[in-house]
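A.B. asks: Taking the hints into account, I'd like the entire structure generated from these sequences.
Top line first, the protein sequences correspond to chains A and B. Everything in the first sequence is counted per my numbering, starting at 3 for the first residue and increasing by one. Everything in the second sequence is counted per my numbering, starting at 137 for the first residue and increasing by one.
Hints are computed from structural coordinates only; laboratory data are not their basis. It cannot be assumed that every hint is accurate.
[As the list claims (entries may be wrong)] Beta-carbon label-pair distances, calculated as ranges: (1) B:Glu267 to A:Thr470: 24 to 30 Å; (2) A:Ile463 to B:Pro314: 44 to 50 Å; (3) B:Ser199 to A:Val831: 39 to 45 Å; (4) A:Phe815 to B:Arg252: 38 to 44 Å; (5) A:Ile466 to B:Gly270: 30 to 36 Å; (6) B:Ser210 to A:Val18: 44 to 50 Å; (7) A:Ala819 to B:Gly270: 36 to 42 Å; (8) A:Thr470 to B:Arg277: 21 to 27 Å; (9) B:Asp214 to A:Leu713: 54 to 60 Å; (10) B:Ala318 to A:Ile463: 44 to 50 Å; (11) A:Val831 to B:Asp208: 36 to 42 Å; (12) A:Ile466 to B:Ser199: 53 to 59 Å; (13) B:Pro314 to A:Ser291: 27 to 33 Å; (14) B:Gly356 to A:Thr470: 49 to 55 Å.
[What the hints assert, rightly or not] If you want a taste of the chain A side facing chain B, the calculated C-beta under 10 Å gives, among others: (15) Ala473; (16) Asp476; (17) Ala480; (18) Leu482; (19) His758; (20) Ile759; (21) Met761.
What you are looking at is a predicted structure, and each value in this text was computed from that prediction instead of being measured. Ideal placement from N, C-alpha and C gives every residue a C-beta, glycine not left out.
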Amino acid sequence: MNNTGHSGASLTIWRVLLLSQWREQPVRLSVTVLAIALGVALGAAVYLINTVAVGEFNVAAKRLVGEPDIVVRGPRDGFAQDLFVTLAQDPAVSLASPMLELEVALPGRRDTLKVLGLDTFRAAALQPALIGDIAGGVFDLLQPDGIFLSTSAAQQLELKRGDRLTVIVGDAPRSLRVVGILSEAAYGQALGVMDIGSAQWLFQKIGRVNRIDLRLESGVNVDSFRTALRRRLPAGILALAPEVERDRTVTATRAYRVNLNMLALVALLTGAFLVFSTQSLSVLRRRGSLGLLRALGVTRGQLQLALIGEGAAFGLVGSLAGIVLGLACATAVSQWVAGDLGNAQLHAAGSALHSVRAILRAAPLSLLVFLAIGTAVATLGAWLPARNAARQEPARSLKGGDADYTVVASRSWRIGIALLAAGALLTTLPALGGLPVSGYAAIAALLFGAVLLVPVLWVKILQIAPRTGVAVADTAIAQLRENVGLSTLSIASVIVSFSLMVAMAIMVYSFRASFEHWLGKLLPADMQMREPLGNDTAYWSPADQARLAAVPGISRIDFRRTRQMMLDAAHPPVTLIARNSTGAQVADALPLLRRLQSPMPADTEPAWISEALQDLYGYHLGDTLALPLGGRTRHFTIAGIWRDYARAFGAIVITRTAYVEATGDSSANEGAVWLDGRTTPAAAEAALRGCFERPDSLDILTSTALRERSLGLFDRAFAITYALEAVAVLIGLVGVSLTASSTALARRAEFGMLRHIGMLRRQVIGMLASEGALMSLFGVVYGLILGGVLSLVLVYVVNRQSFNWSIDLALPFWQLAILAQTLIAAAAVTALWSGRIATSQDAVRAVREDW
Amino acid sequence: MEAENTVVRLENLSKRFRRDRPPIFEGLKLELQRGEYLAIMGESGVGKSTLLNLLAGLDRPDSGRIWLEGIDLSLLDDDAITLLRRRSVGFVFQAFHVLPYLTVEQNIALPLELLRVAEPERTERTAHMLEAVGIGSLARRFPRELSGGELQRIAIARALVHRPRLVLADEPTGNLDPRTAAQTLALLRTQVKSNAGAGILITHSRAAADTADRILVLDGQGLKPLVPAT
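C.D. replies: Put into structure tokens, the structure is as follows:
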């Protein structure tokens with residue numbers, strides 16, 4: 003037979019098999035296709051939201067950075083603009099553009115507005131896309147109180163041209179006039195643009211800038227110049243390549259995106275497993291028909307191709323449906339959930355994914371990739387059953403029997419052991435490019451390795467199971483023992499979904515318990531007050547602090563100065579926290595994991611770093627930490643490592659004494675407030691707010707409320723994780739119930755015969771329920787153990803490598819017990835339901851069906 | 137004494153499958169004594185298998201009554217009929233219907249397990265039946281390893297191992313070659329007789345029917361003795 007004839011015959015067989023399967027089991031096939039669709043939809047939705055959001059961030063970052071050759075960046079509170087004069091006069095520099103980039107506090111708002119103070123004429127050459135819009139309003143911008151707002155900022159603040167914008171500088175409100183609105187094309191996110199002179203005056207930064215963009219003369223080697231410049235720059239000022247500036251924000255959220263993608267992948271793989279399970283069962287159920295086809299002259303290759311084609315068809319249809327569903331999900335999530343997830347990327351995605359057309363324009367190729375992935379995993383799922391069916395001798399197929407699966411099962415344990423060993427090894431590898439690649443690979447290897455050990459363990463258990471003398475129980479065990487291939491498929495579905503569910507539950511519970519403990523350690527005071535987080539303009543002077551501390555009913559306020567600081571060009575800024583007055587007080591108040599046991603070197607101040615700083619920068623206890631403070635490099639000794647769940651890019655705590663001594667800055671922007679025991683929090687809050695002209699600008703909360711708000715944010719952040727995991731588990735459970743119902747239906751004739759020889763209907767159902775209970779019990783116990791192991795990898799490898807913070811393992815016994823009971827109950831209900839359906843047909847008709 | 141010997145009695149039995157169609161049979165009467173082996177013949181569709189199902193309590197008549205071992209089936213619910221069937225009826229099917237996941241001896245012992253027959257009696261009776269039907273050497277084998285004739289021997293052994301009062305065989309040789317069929321029929325007769333029960337054989341085959349003590353023909357008019365061809 004030539005190739006054309008070969009494939010033509012395969013096509014015919016494929017059509018016949020597919021149509022007959024569709025006619026016989028429309029519900030089962032629909033659910034299988036739906037499972038693939040859900041997996042693809044989740045993957046596509048998560049990918050689309052991330053891709054479009056990252057795209058938006060990229061565009062925004064490009065607009066802000068513009069087209070300089072080098073970006074010189076200093077501390078957020080700025081450096082003397084003499085450096086600008088020096089650089090502008092450098093013969094290698096053709097253009098230097100000074101900037102003041104600040105996060106500005108706004109009254110009554112917890113978020114800040116990014117404001118760019120710039121020299122319009124110089125910036126026009128370096129940020130043309132951003133400044134182009136201002137061209138007509140340059141003179142308006144030069145007005146002392148003039149500010150341009152981006153469309154997004156104007157919408158968020160509900161302002162239009164001519165309106166007044168109030169900002170907080172120090173402890174007082176200042177008013178600006180909106181002189182123009184930038185088009186959405188110029189900048190997609192919230193931004194204000196001012197003249198640099200006005201910004202310096204308004205924000206009390208006269209003579210200071212925090213960024214200088216440089217364009218070099220043609221012919222100057224940029225890399226060499228940048229390297230040389232780094233050596234010339236004062237402490238704390240960095241010379242960066244523009245792409246480092248552009249990529250920083252996107253890189254910072256990469257771990258979060260990768261973790262979401264991984265969860266979507268889990269859902270897709272669970273769908274693939276369902277295809278595998280469906281096809282394996284279908285092949286077993288149709289072995290007589292397949293044997294007949296072989297007897298009629300269909301070759302092994304044709305049969306295998308046709309059966310693989312079935313899987314590919316499910317995958318294609320499911321993937322197409324999944325892409326449509328994914329597009330809908332992405333649009334819905336972005337539009338309706340954006341404000342709720344505590345994920346800044348979703349805000350960006352929300353504005354970009356406003357229509358299906360916009361999504362299609364944003365990522366057309368990726369949708370094709372998802373179509374291909376969905377089809378490929380379904381095809382892969384069908385491959386093994388197809389190969390087994392094609393290898394089966396026709397005579398044996400015609401006669402029936404599951405012996406070959408037992409043989410396969412007895413061989414699979416070697417691969418299982420090898421995968422478990424590989425998984426264990428992978429957990430010891432470090433992160434790759436800041437991502438827990440080896441951690442996820444370890445989870446996959448451990449999961450598949452453990453699943454491959456199921457057949458041999460299951461066979462052993464059934465072999466040693468004693469005969470009870472009770473017909474129902476003995477028949478159930480004999481059925482499971484002889485059809486180990488079928489029962490293994492069922493158990494594997496339980497194990498895959500349950501172990502992932504257990505691992506996630508343990509990880510999230512551990513994280514929440516650690517987070518709660520951490521909050522308790524950090525919030526010992528009655529109340530917390532602060533200026534908007536991350537702002538550069540609002541603070542309390544020493545006089546303000548004295549006034550606040552003297553408020554009646556307040557027993558004590560521990561003031562803190564918190565600011566952002568850049569230690570390395572490749573990393574996002576870290577947070578510097580100056581708190582308390584002595585090192586002993588600081589050490590006592592922090593959730594320290596490790597502390598320096600040896601004495602501190604003389605003449606150095608202690609610093610306590612968060613785990614993220616340790617992981618990202620490679621610092622150890624006792625190391626010297628060089629911090630650019632007050633224009634000079636100050637050296638601190640790392641006296642402790644503390645746990646911090648609030649700042650993923652690292653935080654450093656030093657004493658306020660050391661900070662003030664180094665910087666001369668005795669202002670504060672955060673405080674922990676202890677009440678005298680007689681004053682209510684509400685009265686204290688009113689009194690504290692009354693200290694300022696702007697009573698609605700402070701963020702004041704009781705520690706209890708802050709703790710509740712933080713836990714609420716935590717739960718919302720994990721809501722999407724739970725949702726994705728729930729879908730994966732649902733797919734797994736659907737697989738279990740389909741396996742049970744399909745198996746029960748395939749055994750109708752057997753049940754009919756048992757009814758003939760005197761088995762009661764409830765005994766038949768009881769037999770099926772016993773089989774279901776035995777399988778689910780084994781699956782649940784095995785899944786608990788495997789899930790426990792996987793949770794260790796999640797807690798100690800994936801979490802640590804993704805977010806650079808540690809978690810203490812905690813076991814949610816009650817939650818796991820309920821999960822286990824739910825699964826066993828689900829399996830029992832499924833078995834009962836399947837049994838009722840299978841025995842509802844009258845026994846006479848059942849035995850007349852050929853089996 | 138005669139009533140004690142009656143295994144099955146049918147009185148005015150009628151059955152129809154659809155209201156708009158005539159009954160498949162009407163006013164059927166039959167009495168079967170212990171030790172009697174009866175063959176029922178008839179064309180396809182006249183209701184032979186339906187009659188068998190009614191006898192076993194697997195189906196209910198539209199009118200008329202059935203007594204099995206003197207018990208009126210119409211007075212029993214499904215569970216009670218099932219328990220009666222478990223104790224008093226043995227089935228042999230055309231398609232064998234042995235459980236593929238049980239060994240030969242486990243298949244045969246199944247009715248005894250259902251009846252909670254204790255060891256060592258269960259093993260002894262199973263072993264006895266294995267020898268009686270000539271498959272003692274196959275006790276530990278699985279059905280997939282056996283021929284059609286061997287499978288039907290298992291089915292016969294299973295139908296008789298609990299010494300039922302009534303054995304119902306529905307085309308038991310339909311799937312067998314003539315030589316094996318003859319052996320199976322002889323075996324079935326011998327075992328029914330030695331079990332001191334009664335047997336009903338449903339068949340199309342005159343040769344098979346000839347192994348019975350008497351032959352009845354089922355047609356539209358009811359059950360009538362077979363008139364030998366002249």
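A.B. asks: Now look at each hint and say whether the structure bears it out.
C.D. replies: Here's how the hints hold up against the structure:
1. B:Glu267 to A:Thr470: 24 to 30 Å: holds, 27 Å
2. A:Ile463 to B:Pro314: 44 to 50 Å: Taking Cβ atoms as reference, Ile463 of chain A and Pro314 of chain B lie about 47 Å apart, which means the hint holds.
3. B:Ser199 to A:Val831: 39 to 45 Å: For Ser199 of chain B and Val831 of chain A the Cβ distance comes to about 40 Å; the hint holds.
4. A:Phe815 to B:Arg252: 38 to 44 Å: holds, 41 Å
5. A:Ile466 to B:Gly270: 30 to 36 Å: Between Ile466 of chain A and Gly270 of chain B, where Cβ atoms are some 33 Å apart, the hint holds.
6. B:Ser210 to A:Val18: 44 to 50 Å: holds, 48 Å
7. A:Ala819 to B:Gly270: 36 to 42 Å: violated, 55 Å
8. A:Thr470 to B:Arg277: 21 to 27 Å: Holds - the Cβ-Cβ distance for Thr470 of chain A and Arg277 of chain B, about 23 Å, lies within 21 to 27 Å.
9. B:Asp214 to A:Leu713: 54 to 60 Å: At 57 Å between Cβs, range holds.
10. B:Ala318 to A:Ile463: 44 to 50 Å: Holds, at about 46 Å.
11. A:Val831 to B:Asp208: 36 to 42 Å: Once the Cβ atoms are compared, 38 Å apart, the range 36 to 42 Å for Asp208 of chain B and Val831 of chain A holds.
12. A:Ile466 to B:Ser199: 53 to 59 Å: Distance hint for Ile466 of chain A, Ser199 of chain B holds at roughly 55 Å.
13. B:Pro314 to A:Ser291: 27 to 33 Å: At roughly 29 Å between Cβ atoms, Ser291 of chain A and Pro314 of chain B fall inside 27 to 33 Å, so the hint holds.
14. B:Gly356 to A:Thr470: 49 to 55 Å: holds, 51 Å
15. Ala473: Result: holds, 4 Å to nearest chain B Cβ.
16. Asp476: holds, 7 Å
17. Ala480: Holds: closest Cβ of chain B sits about 5 Å from Ala480 of chain A, inside 10 Å.
18. Leu482: The hint holds - Leu482 of chain A has a Cβ within 10 Å of chain B, the shortest such distance being about 8 Å.
19. His758: holds, 5 Å
20. Ile759: With a minimum Cβ separation of about 6 Å from chain B (threshold 10 Å), the hint on Ile759 of chain A holds.
21. Met761: holds, 6 Å
Of the numbered hints listed earlier, the single one contradicted by the structure is hint 7.
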